[in-house]
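**Student:** So the chains spell out like this:
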Amino acid sequence: MALRGERVTLAHGGGGRAMRDLIEEIFTSAFAPPGMEDQARLMTDALREPGARLAFTTDGFVVTPMEFPGGDIGKLAICGTVNDLAVGGAKPLWLSAAFVIEEGTEFALLRRIVATMAHEAEAAGVRIVTGDTKVVERGACDGVFITTSGIGVIPASRDMAASHVRAGDVAIVNGVLGDHGATILAARGDLALSSAIESDCAALGHLMEAALTAAPQARAARDLTRGGLASALNEIAEEAGCGIVIEEDALPLRAEVVGMCEILGLDPLYLANEGRLVLFAPEEQAEAALAAMQALPEGKGAAIIGRAVADHAGQVRMRTAFGGTRIVDMLVGEQLPRIC
Amino acid sequence: MKFASEFRDPKLARALLSAIAEKADAIGATREKPVHIMEICGGHTHSIFRYGLDKLIHEGIEFIHGPGCPVCVLPRARVDECIELAERPEVIFTTFGDAMRVPGSKKSLIQAKADGADIRMVYSPLDALELARRNPDREVVFFGLGFETTTPSTALAIQQAAREGLKNFTVFCNHITVPEPIKALLDDPYMMLDGFIGPGHVSMVIGIHPYDFIAQDYGKPIVVAGFEPTDLLQSVLMVLTQIEQGQPRVENQYGRVVPENGNPVSLAAIEDVYEKRPSFEWRGLGEIDASGLRIRPAYRAYDAEEKFGIGYAVGRREVPEVEGCACGQVMTGRIKPTQCPQFGKGCTPETALGALMVSSEGACAAYWQYGGARSAAE
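Protein sequences, first through last, are from chains G and S. In terms of our numbering, the first sequence has 197 at position 207, counting the first letter as 1, and numbering is strictly consecutive. In terms of our numbering, the second sequence has 120 at position 131, counting the first letter as 1, and numbering is strictly consecutive.
Excised from the complex, chain G in its bound form:
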């Protein structure tokens, strides 16, 4: 244990012994990348298959508070990048992780975040193979910012894209919507709302693999992060050039989340999720995909919520519970709580 004190100082970003101690004691000892140098050299049999392709993605993670019911920023950083790869049909394999750390951050917090990351990576079947740390002055960032990039391999037989969605395809989500967004709102503590809701944060690589085994012709999937289900469906409708209709009755929503949204004037369809996706599959494979999802813990609440249609191209509509119809539009900016 060469790290002294309880908090990160600017010296830990200075490139000397203190920085090496920070990296070795907190990061590489948890992630155990092979032969740590400034790059990772990677090999996998999956790439030998003729026609296999690489998938590559990157994402930055910033969240207040850094720890919340159901997860922390480290879990988000792993799951977010794994899910970006998974919804493209890739098997996620390797991750990088870059940390921007505010001077004064407690080592104990960093250790907890890193332990979550190591645990989540192992569960998701990915390895953190390279990384970076920077320490910035107090006030220059808010605690810890993490950027993860990920590489995965897409088998030759798979070609998923939003533009492949056709009229008649069925839309399936893997569980209740909006829990993550509602959890973060409640966890910020400025709502005076007590709530038992936990973030839905989860890595979805295994779920996608199971769904695609059951429904090999599935057309496209999206993870429902910022902007929620509504934004993801709008993007798909636009790229596919077809319309989408969802049924209000069929949407899996927790009563607590609906209640919180009612109070704040928010719409759960736009709340962020970190372990939810929507999958479009041809009708004849939809039930199989649904059953495959429901068989896994991260798909327990899976449900068919609607389908792609030939009319109102580019637009998402919802049939309300008593037969009205309304457009579900893209969100403009951030959802802002209302006055009354």
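Source of the hints: derived by calculation from the structure; they are not laboratory data. C-beta atoms are modelled at their ideal positions from N, C-alpha and C, and glycine is treated no differently. Fair warning: there could be bad hints in the mix.
As the list claims (entries may be wrong) - Cβ pair distances, simulated, as ranges:
#: 1; chain 1: G; residue 1: 252; chain 2: S; residue 2: 19; range: 34 to 42 angstroms
#: 2; chain 1: S; residue 1: 311; chain 2: G; residue 2: 139; range: 40 to 48 angstroms
#: 3; chain 1: S; residue 1: 153; chain 2: G; residue 2: 10; range: 31 to 39 angstroms
#: 4; chain 1: G; residue 1: 132; chain 2: S; residue 2: 152; range: 32 to 40 angstroms
#: 5; chain 1: S; residue 1: 77; chain 2: G; residue 2: 14; range: 47 to 55 angstroms
#: 6; chain 1: G; residue 1: 96; chain 2: S; residue 2: 307; range: 52 to 60 angstroms
#: 7; chain 1: G; residue 1: 206; chain 2: S; residue 2: 94; range: 38 to 46 angstroms
#: 8; chain 1: S; residue 1: 77; chain 2: G; residue 2: 149; range: 54 to 62 angstroms
Guided by the hints, dock chain S onto chain G, whose structure is given.
**Tutor:** Coordinates of chain S only, in the frame set by chain G:
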């Protein structure tokens, strides 16, 4: 927590829709000669579109969207004054999220925040009080905004600040009252209103009797309504029944929340802290006598207008509306949002000219967000 599912029961909604259709036919309402019902509150406007009631209801019923969105009726001068307050280096400016995107003559609060003003979104004026306690070397200003629904909570914050003797907390008071603009609309010879859906949450505070004049003096029905789809449908049916009977009165559909005489605790807090301004400017309606509240002299130390020498404390500022922006006409029900020449062209949620397109209770925002406009055009 009790949830609202029973008020969204499709069977009940269908039964109400057919009762409305029967009643509308009985009084001879048609698409060409519709019954005009104004929902005063922006929350009702949004419920109508969110649940698609505009398309489900009998074609002889036309909803007119009233001036009941407190963000929408705020003139640009007041938004400019907010931004000036917020840009003072010593100020932490606190506001409900609704007001962040509303354009002033140069920028909105969200742009001022990006330019460096210390603006914080809060969920209650008590959050602003807490900020004042935690930042004794800064001036915390709360943007007091809204009708009678939010007025008491601002009053309670001011009373609490006074009890604690806080020296760095003030309110930029823009609280307004509902009955006076309704009277202004009824006095307008061009308004062709047949009845009103009364605001539910406002009435929870003031009760139903402040609306007696609508029935007694102007002979129009008014039904105070809840915000769930079946609440609204039942209220429309009650308005039609009053029209059919030729007996206009004030009725309370939202009895589960609205006491006939209001909430005495809230009313006492309002009475203690505020007095009527002689007049207040409304976007689209102009100056309306006794329609706004200011902080009483006893609480002057908590009045941002007095402390910072701004707003009505130094005289009303004239800031013309954006050319081509028809917010005023939409808000008074003279035109539908889609009849505004800028709707969907110069004015979208990203490029809003007026507040109605960005406020969460704005009529234009409802038309845009739920596609009343776009699906009606097909």
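**Student:** Okay, residue 77 of chain S versus residue 149 of chain G on CB: inside 54 to 62 angstroms?
**Tutor:** holds (58 angstroms)
**Student:** Do residue 77 of chain S and residue 14 of chain G keep their Cβ atoms within the hinted range of 47 to 55 angstroms?
**Tutor:** Roughly 49 angstroms apart at Cβ, these two residues keep to the hinted range, so it holds.
**Student:** Does 34 to 42 angstroms hold as the CB distance between residue 252 of chain G and residue 19 of chain S, or does it fail?
**Tutor:** Taking Cβ atoms as reference, residue 252 of chain G and residue 19 of chain S lie about 36 angstroms apart, which means the hint holds.
**Student:** Using the Cβ atoms, figure out if residue 153 of chain S sits within 31 to 39 angstroms of residue 10 of chain G.
**Tutor:** The hinted range 31 to 39 angstroms is violated for residue 153 of chain S and residue 10 of chain G, with Cβ atoms some 51 angstroms apart.
**Student:** Taking 52 to 60 angstroms as the stated bounds, is the beta-carbon spacing between residue 96 of chain G and residue 307 of chain S within them?
**Tutor:** Because 55 angstroms falls inside the window, the suggested range holds.
**Student:** Given a hint of 38 to 46 angstroms, does the C-beta separation of residue 206 of chain G and residue 94 of chain S actually sit inside it?
**Tutor:** Violated - the Cβ-Cβ distance for residue 206 of chain G and residue 94 of chain S, about 59 angstroms, lies outside 38 to 46 angstroms.
**Student:** Taking the CB of residue 132 of chain G and the CB of residue 152 of chain S, does the distance hold inside 32 to 40 angstroms?
**Tutor:** holds (34 angstroms)
**Student:** State, for the Cβ atoms of residue 311 of chain S and residue 139 of chain G, whether the hinted interval 40 to 48 angstroms holds or is violated.
**Tutor:** holds (45 angstroms)
The structure does not agree with the numbered hints 3 and 7 stated previously, though it agrees with the rest.
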